[in-house]
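> Hey, can you work out the whole structure from these sequences and the hints?
Just add 4 to wherever you are in the sequence shown, counting from 1, and you've got the numbering used here.
Derived by calculation from the structure, the hints in this document are not laboratory data.
A quick note: this is a predicted structure, and the numbers were derived from the prediction, not measured.
You may find that some hints are simply not true.
Estimated spans, in silico, between C-beta atoms of each pair [said to hold, decoys possible]: (1) V159 to E52: 30 to 40 Å; (2) R91 to S168: 17 to 27 Å; (3) A142 to E26: 13 to 23 Å; (4) Q57 to A142: 13 to 23 Å; (5) Q41 to A142: 19 to 29 Å; (6) D104 to R155: 34 to 44 Å; (7) P103 to E160: 34 to 44 Å; (8) Q20 to R149: 33 to 43 Å; (9) P51 to N93: 16 to 26 Å; (10) R155 to P51: 25 to 35 Å; (11) E105 to R38: 36 to 46 Å; (12) Q107 to L164: 27 to 37 Å.
C-beta: ideal position from N, C-alpha, C; glycine also.
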Amino acid sequence: MTGCQAKVLVTLINRQNCCQPERLYRDLRSQGSRYLQFIPLQARDNPESITDQQWAAFLTAVFDVWVREDIGRISVQLFDSALEIWRGNPPPICAFPLPDECQACPVRYLCNSDTPQPWVEGKNALCAGYQAFFRHSAPHMRVMRDLMRYRRSPVELMALMRQSQRVN
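Right, here's the structure in full:
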């Protein structure tokens with residue numbers, strides 16, 4: 005067999021599996037996948053749909069594991085996309101027209117209305133969740149961006165974090 009093979013796991017995040025994000029992430033990682041994509045379940049009148057708070061908690065918990073253990077080893081689509089934008093590159097995933105309300109958002113350049121999720125009162129139903137995640141990940145994204153700017157690997161962030169923990 006020739007060519008590139010990738011085992012991509014696309015996981016639908018619902019009310020059940022969003023409650024144990026670290027466990028879900030580690031389970032997916034242990035299955036051998038190196039490429040992960042998380043899709044939030046958002047459907048009108050579906051009791052399994054997640055809230056913006058659940059989405060934020062899920063993303064930040066998974067990010068915290070990933071940034072400590074798996075930079076450069078596991079590709080998480082949203083994290084990779086955000087890092088590319090932090091580096092000044094155009095959004096690598098779909099972008100949809102933004103409503104006027106989004107124009108003043110401090111994380112607009114990261115979100116850019118990336119998914120055709122259900123909209124509530126003119127904005128993405130998970131907007132607050134995305135905002136919380138982008139704010140939470142910003143310090144680490146800045147460090148990875150700066151490392152890459154100086155032609156260093158973002159993997160170095162994991163060592164920096166371990167050193168920081170030893171000092172504290």
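> Next, verify each hint and record whether it holds.
Results of checking the hints against the structure:
no.	hint	in the structure
1	V159 to E52: 30 to 40 Å	holds (36 Å)
2	R91 to S168: 17 to 27 Å	holds (23 Å)
3	A142 to E26: 13 to 23 Å	holds (21 Å)
4	Q57 to A142: 13 to 23 Å	holds (19 Å)
5	Q41 to A142: 19 to 29 Å	holds (21 Å)
6	D104 to R155: 34 to 44 Å	holds (40 Å)
7	P103 to E160: 34 to 44 Å	holds (39 Å)
8	Q20 to R149: 33 to 43 Å	holds (35 Å)
9	P51 to N93: 16 to 26 Å	violated (38 Å)
10	R155 to P51: 25 to 35 Å	violated (49 Å)
11	E105 to R38: 36 to 46 Å	holds (37 Å)
12	Q107 to L164: 27 to 37 Å	holds (35 Å)
Of the numbered hints listed earlier, those contradicted by the structure are 9, 10.
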